[in-house]
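Visitor: Start from the sequences and build out the full structure, keeping to the hints where you can.
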Amino acid sequence: MTANVSASEKLDANAISQSQPEKKFKPKNGADLLIQALHDQDVEIVFGYPGGAVLHLYDAMYKNPIRHILTRHEQGAIHAAEGYARVLNKPGVVIATSGPGATNLVTGITDAMIDSIPLVIFTGQVATSVIGSDAFQEADVIGITTPITKHNYQVQDVNDIPRIVKEAFHIANSGRKGPVLIDFPKNISADVFDEALAEASREKEIYLPGYQPNSKPNYLQIQKAIQAISESKKPLVLAGAGVLFADAREELTAFVEKYKIPVVNTLLGLGSIHGNHELNYGMAGMHGAVVANDAIQNADLLINIGARFDDRLTGDTKLFAPNATIIHIDIDPAEIGKNIPTDVPIVADAKEALIAILKKDFQAPDTNAWIDYLNEKQTNYPYWYVEDEREILPQQAIQLIHSITNGDAIVTTDVGQHQMWVAQYYRQNHGHRWVTSGGLGTMGFGFPAAIGAQFAKPDKKVIAICGDAGFQMTAQELALLKEFHLPVKIVILNNFALGMVRQWQQTFYEGRYSQSLMPVQPDFVKLADAYGIKGYQIDTLDEASAIFEEALNSDEPVLIDCRVKQVENVYPMVPPGKALHEMIGVKKF
Amino acid sequence: MKRQFNIESITVGHTEQLNISKMTFVVNVEDEVKLEQLIKQLSKQIDVLKVNDITEKSIVLRELALIKVVSPGNIRLEMNAIVEPFRPQIIDTSKNVVTYQVVGHPDKIDAFIELIRPYGIKELTRTGITASVRETQPSDSAPQLSILK
Ligand SMILES: Cc1ncc(C[n+]2csc(CCOP(=O)(O)OP(=O)(O)O)c2C)c(N)n1
Ligand SMILES: [Mg+2]
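If you're matching them up, the sequences are chains V and P in order. Counting from 54, one number per residue, gives the positions in the first sequence under my numbering. Counting from 71, one number per residue, gives the positions in the second sequence under my numbering.
Derived from the structure by calculation, the hints contain no laboratory data. Every residue, glycine too, gets a C-beta built ideally from N, C-alpha and C. Please note that the accuracy of each hint is not assured.
In silico BS3-like links for lysine-lysine, alpha-carbon gap of 27 Å or less [stated by the list, open to error]: (1) P/K104 to V/K257; (2) V/K116 to V/K430; (3) V/K116 to V/K219; (4) V/K618 to V/K587; (5) V/K219 to P/K110; (6) P/K165 to V/K371.
Over 12 Å on every C-beta distance to chain P, these chain V residues come out as not near it, computed from the model [claimed, not checked]: (7) K79; (8) P200; (9) K203; (10) H204; (11) K219; (12) E220; (13) D385; (14) I389; (15) Q559; (16) F561; (17) K579.
Facing chain P, a subset of chain V residues (Cβ under 10 Å, in silico) [claimed, not checked]: (18) I224; (19) R229; (20) E258; (21) P262; (22) Y264; (23) P386; (24) A387; (25) K391; (26) P394; (27) L411; (28) P628; (29) G630.
Guide: Here you go:
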């Protein structure tokens with residue numbers, strides 16, 4: 054499909070799409086109905102990319118404007134929507150065309166599914182009359198996305214659109230959140246709807262008898278939890294992203310303060326309590342703090358709130374928390390008992406469960422000895438590195454970024470070594486300011502996610518900390534920073550390597566660096582320049598603080614290519630297949 | 071299947087209620103934990119209204135099989151006599167081939183197939199199992215899974 058748009062027409066288009074919706078706009082076809090349904094859901098922004106199968110839809114939003122961000126790749130659109138959703142804790146919206154547009158979303162949909170990020174995704178589809186005929190740009194999107202969405206729909210009747218959109222937002226943003234996809238055949242977007250039927254479907258109450266997420270905790274289980282807590286000597290809270298999804302940060306903090314219970318976080322749960330809270334012992338898991346993992350292995354009671362016992366957290370599940378009674382609070386019943394046998398299952402929203410526990414006054418456990426023990430561990434086993442005379446260590450760069458921003462910035466990361474170092478060293482003061490790809494470990498996530506986060510919070514400082522390799526997977530979205538005046542700060546911790554792969558090859562494959570070095574990288578400063586963005590390169594620690602200070606405090610978008618030591622490893626580490634107490638690299642060599 | 075469950079058979083059909091279908095699965099599971107996961111993962115599907123584990127229930131269980139067997143005229147009477155206890159129906163015949171329809175518990179169908187196999191099975195078609203829970207259940211039915219109810 055080719056479309057020649059002249060410059061003057063383009064200007065016109067901008068003028069119109071920025072104007073107010075025309076008062077007299079009257080929806081006629083399926084596409085109009087869909088845009089109207091988005092307005093009904095108070096959707097403020099949509100990330101997308103057009104194509105043949107969604108032409109009616111794009112025409113409808115031209116007539117009835119909704120803020121649409123044209124990314125440079127569909128993957129950029131969906132990761133931006135994920136970043137937006139993480140920061141605002143409400144659904145991000147994505148539109149892509151049929152076939153390649155839809156398949157370009159697959160990574161992002163899977164990422165959102167495994168990390169429970171609410172998204173509503175619209176894909177174009179070929180006309181119903183040719184579905185199944187291998188038509189131009191046809192892909193079986195329902196088939197492809199069934200295992201990677203919370204739910205999906207293919208619209209069969211134009212009058213159903215209002216109901217389906219309403220349900221999709223409800224499903225995406227309730228219970229255990231997740232991505233919902235609506236596949237939209239082209240002919241249906243052109244169909245003229247029946248006003249009475251469409252209005253009825255718009256007014257209809259949501260009725261989903263097969264979807265009744267339970268948010269209220271069971272009274273008996275709460276009683277059991279309370280008893281277990283008051284009888285424990287070494288209780289520990291494991292706080293996951295469920296705390297953040299439930300907006301239960303205050304309740305969690307109140308609960309652990311009231312009963313003096315130490316807390317550790319999962320990777321995605323960082324920010325569920327203040328990073329420097331005295332009861333917070335940091336991140337647990339494969340690259341977690343020694344004290345956090347030690348706490349799990351020695352606890353006599355583990356209270357998991359909104360975490361799913363992922364294998365990167367648990368290490369060897371047979372040896373996980375061997376002495377602990379397990380309380381597991383999760384909104385998704387299928388998570389309970391899936392990986393770790395549970396003694397007290399509480400299927401509930403984290404906030405409601407915490408409120409129910411807080412309402413009761415009960416005997417507080419005496420945790421003083423336990424806390425003393427943990428404090429000593431923490432002092433003896435901090436995160437560590439060995440300074441280098443010539444080169445910057447990535448950890449030092451992150452410490453600088455942390456001190457310049459006081460732990461207040463919205464930080465997104467890509468995937469790899471740098472991600473783990475940011476998780477270790479960037480202690481978050483707030484909730485909903487930590488955006489990373491946990492379950493899927495999606496390279497290419499960090500930068501577009503920062504774009505979405507910046508759209509969500511235009512006045513907040515957003516920093517994307519990326520690896521040199523992962524950044525290049527979605528670097529084309531640099532165009533958006535200039536176009537939309539987004540002051541995102543990109544920090545590339547450049548080790549000229551697939552650092553995490555290189556580390557594993559060094560540790561487990563006797564240093565055979567098979568395809569993990571990238572000796573030739575682009576000149577990132579020039580790349581930034583090509584997109585009209587100011588770039589900096591940092592080579593030494595001496596210049597680092599001044600440049601970070603200037604660049605991070607700028608009101609403009611910036612890209613910082615920070616050259617860091619290549620042969621630096623993330624420690625400590627639970628080797629694959631080992632248990633949490635079998636960490637290596639716990640002390641300075 | 072995504073979660074590594076081994077499905078032996080699935081049957082599906084409409085129920086007495088409009089727009090509601092019932093599926094019967096036969097699944098091999100290793101242990102209770104796997105079983106609990108299976109039920110929860112199925113229940114989690116938004117289109118799924120209810121999941122019942124009827125393994126330990128008193129149920130009526132049926133399968134239907136169509137079996138085409140080589141059966142020349144000279145031994146056809148003999149064959150019919152041998153299979154008679156299974157009460158199959160002959161639903162199609164030609165000069166050398168007869169098609170039996172057998173309905174019942176899958177064990178019965180297995181036995182029927184073994185019995186008829188020596189004559190030469192040309193084609194075997196089985197529907198998979200469908201089942202219905204009996205109205206009256208023995209009082210000491212299976213223990214409930216921990217958090218399902
Ligand atoms: C899309 C994708 N492909 C491959 C991987 C496997 N992988 C994990 S980390 C990593 C290296 C990332 O390198 P870089 O972005 O430079 O970050 P670093 O580890 O060097 O900090 C790779 C290849 C992945 N996580 N995602
Ligand atoms: Mg790298």
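Visitor: Go through the hint on V/P262 and say holds or violated, using the shortest Cβ distance to chain P against 10 Å.
Guide: holds, 6 Å
Visitor: So, V/Y264 near chain P? Judge it on the closest CB pair being under 10 Å.
Guide: Hint on V/Y264: holds, closest Cβ of chain P at ~5 Å, below 10 Å.
Visitor: Verify that the Cβ of V/I389 lies farther than 12 Å from every Cβ atom of chain P, and report whether the claim holds or is violated.
Guide: violated, 6 Å
Visitor: Given V/A387 as an interface hint, is the shortest Cβ-Cβ distance to chain P below 10 Å?
Guide: holds, 4 Å
Visitor: Would the hint linking V/K116 and V/K219 be met if the CA-CA limit is 27 Å?
Guide: Holds. V/K116 to V/K219 sits at ~22 Å (cutoff 27 Å).
Visitor: Holds or violated: is the Cβ of V/P628 closer than 10 Å to a Cβ in chain P?
Guide: violated, 25 Å
Visitor: With a cut-off of 10 Å on the beta carbons, see whether V/G630 makes it to chain P.
Guide: violated, 19 Å
Visitor: Are all beta-carbon distances from V/E220 to chain P longer than 12 Å?
Guide: Contrary to the label, V/E220 does not stay out of reach of chain P, its closest Cβ about 9 Å off (not over 12 Å).
Visitor: Going by Cβ atoms only, is V/P394 closer than 10 Å to chain P?
Guide: Because about 8 Å separates V/P394 from the closest Cβ in chain P, which is inside the 10 Å limit, the hint holds.
Visitor: Would the least Cβ to Cβ distance between V/D385 and chain P come out above 12 Å?
Guide: V/D385 not clear of chain P: closest Cβ-Cβ about 7 Å, inside 12 Å.
Visitor: Between the alpha carbons of V/K618 and V/K587, is the straight-line distance 27 Å or under?
Guide: Holds - the C-alpha atoms of V/K587 and V/K618 are around 24 Å apart, at most 27 Å.
Visitor: Does the alpha-carbon distance linking V/K116 and V/K430 stay inside the 27 Å limit?
Guide: violated, 63 Å
Figure legend: structure checked against the earlier numbered hints; hints not met, in rising order: 1, 2, 6, 8, 9, 10, 12, 13, 14, 20, 27, 28, 29.
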